[in-house]
Amino acid sequence: MYEKIIQNVQKKTPLVHCITNYVTVNDCANIALACGGSPIMADEIKEVEEITSLSDGLVINIGTLNEKTIQSMIKAGKRANELFHPVILDPVGAGASKLRTETAFYLLKEIKCSVIRGNASEIKTLCEGKGTTKGVDVDERDAVENYLTHSISLAKKLSRQTDSVVVITGAIDVVTNGEITYIIRNGHPLMAKITGTGCMLTTVIGCYCGANKQNILEATVTAVGAMGLCGELAYKELQKVGRGTSTYRTFIIDFMSNINKVVLEEGLEIERR
Amino acid sequence: MYEKIIQNVQKKTPLVHCITNYVTVNDCANIALACGGSPIMADEIKEVEEITSLSDGLVINIGTLNEKTIQSMIKAGKRANELFHPVILDPVGAGASKLRTETAFYLLKEIKCSVIRGNASEIKTLCEGKGTTKGVDVDERDAVENYLTHSISLAKKLSRQTDSVVVITGAIDVVTNGEITYIIRNGHPLMAKITGTGCMLTTVIGCYCGANKQNILEATVTAVGAMGLCGELAYKELQKVGRGTSTYRTFIIDFMSNINKVVLEEGLEIERR
Amino acid sequence: MYEKIIQNVQKKTPLVHCITNYVTVNDCANIALACGGSPIMADEIKEVEEITSLSDGLVINIGTLNEKTIQSMIKAGKRANELFHPVILDPVGAGASKLRTETAFYLLKEIKCSVIRGNASEIKTLCEGKGTTKGVDVDERDAVENYLTHSISLAKKLSRQTDSVVVITGAIDVVTNGEITYIIRNGHPLMAKITGTGCMLTTVIGCYCGANKQNILEATVTAVGAMGLCGELAYKELQKVGRGTSTYRTFIIDFMSNINKVVLEEGLEIERR
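Chains as they are written, first to last, in the numbering used here: chain A, 1 to 273; chain B, 1001 to 1273; chain C, 2001 to 2273.
In short, the hints are calculated from the structure, not lab data. It is possible that part of the hints are untrue.
[Said to hold, decoys possible] Below are the BS3-like pairs computed for lysine-lysine, each with C-alpha atoms no more than 30 Å apart in a straight line:
1. B:1193 <-> A:261
2. C:2193 <-> B:1261
3. A:236 <-> B:1240
4. B:1078 <-> C:2098
5. C:2098 <-> A:193
With these hints in hand, go ahead and build the complete structure from the sequences.
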């Protein structure tokens, strides 16, 4: 399955429209290219419908949201829905400010999202309408490794509420469509020490879904596994050369640009429940 | 010639005002410094005229244009024209949305550009008033290697229409002032797998022109050749270390920071027609 | 002292709210994580007070200021003042445009800043109400190595005017609270050849102060020394591998992610006057 998903990305070069934050946007564009997609970043309200129409998928990331881009997100999302393009939502910092929480709910109300990806704090906020998000990083009390059962139940709940595939990333990643759940044990803790690994993953999910529109759940699981595996392989490589977190970021994208079925088959640790 | 152009950049440290996109802006700033220039990014309408006045050249890149920055581009461009500063236009995604196409034409109408740099799809859009641009990457049907003769003719046509030096980048690069045409066979296909190589080149052209105002055609050709050569040398280095596209990006900027006449004389493949 | 300051950062993981420019924001976020902090970038006026309230410190950087973000800076700064959070100001390009100079003065009038960090041109502008800033890089006539005595006197003057710790960075760095002055001789000239070393330092100061609110002067000195030391160590490493400025940038952040007391005790060259 994973092999086919990845082949489709590399064969189709899906064009993915990203309305995203200005902090990690360059890494998102580079990892989209690395994984086989073609990114286009555009957030001016006058052009977002047209850009989305050209594309194979839409990624909405509220990392540095502002009043203008929120309207662009809504407009692009509605157009993507009309065209049955996959829409991937990254509710960065939901729970950290009223604006972020309300915007996430507003987007979920107006747009049918194919996939929602967040950390445990963000997903809990969306699920329960309140949260304890501290900044854009996960609140320790929500760390998924200590709460795997609870996380699965949260992810399923949000999935059923929204009819979306829900991804909770953390030490262990959870992906569910409300019925089938995958547990992914790839990744490395050092990924939390570079900005944007979450945003990058969301973008990769956008590319994988854009090239596999009929298999959103499987495309998402493969993307999550691939990103985690890149984090692992990059860490091993980092140990060899003995450098720090900026080299680690470089290596993660490097591995994504060399992903292939062999690497995936050797390394993915995915459990289906 | 190339040697002198480059010496001027390194000697004069031209200050280049960039109104550019938020995706590749960091790479643009770093490659400007690497090639010997000094970049200043400023897009607030209240200050763009003053910043342009301080500078030796202006780079306008519409990669993530919005209503506010379009006005800043116009204002800065007019001021640069008054001061006879070179203005370099990168019409990113012209043809991909009505806003981008119209903005590119609006800029060309209001501002005299010294140099216009785009891929074949973008330049065709500007030349013919319509295009088939798919996102921000070149449409395959427009790929310059298959259409070299056609590309030269397009570039010449736009050059005569606008009285600008026109650059079409692709597997083979074309630079023309409408009379004299240069064909540059440096570069590597992997450059398309990192975001912003086009934007970076446009910025380097801005630096080279800013330090060689009397030789815009030659400065542009040298910048295109230097960038392509950095892409080639970086690829060779990448093969040695066996990594991926993010390391490749790093190496390209690294080589630009070490460019010198020896490297250029050894490697430039420029044909004058 | 330095050891304790750094331990506090790594132990407390201070959340630092940054309203900063879109050029170097990714490097700022990554170096904040590397040094032990947790960055959150947010500039929409509707959420800045809430985000600041969650945080341990606020960094204001006017590198790509615009009318909207200036208001966000004021609002966040006032809230931070109410909460006694350290506020760090980076007046990027003060002196280069009327807008930047006036904004810097407006911020200083409305907000009590714990630390102001700039190059000699920027600090002179703030100190004297006029300047000769050429772009965002230091004007040569203001280079601190030639004017150490003058720089110290400028820094002290601004410090007394504003009741802030003032940092002038250059070949030699000066940090003063108006009474006690530290001279830091770490760093390397190549740091000026990558964009954002100043912005990154300001962010590191934000993290160090956020975790050491009772020792703003010492936290600032330690951050300046740590950043300079990373620049030095990165340069040594760069010589070994023989690459260029983009690798240098990577190495600087790498070293920051591995900073520890041994490294600091071995390498800091700080003189107290």
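Hint check:
1. B:1193 <-> A:261: Status holds; Cα separation ~20 Å.
2. C:2193 <-> B:1261: holds (20 Å)
3. A:236 <-> B:1240: holds (19 Å)
4. B:1078 <-> C:2098: Given pair residue 1078 (chain B), residue 2098 (chain C) holds - Cα atoms ~19 Å apart, limit 30 Å.
5. C:2098 <-> A:193: violated (38 Å)
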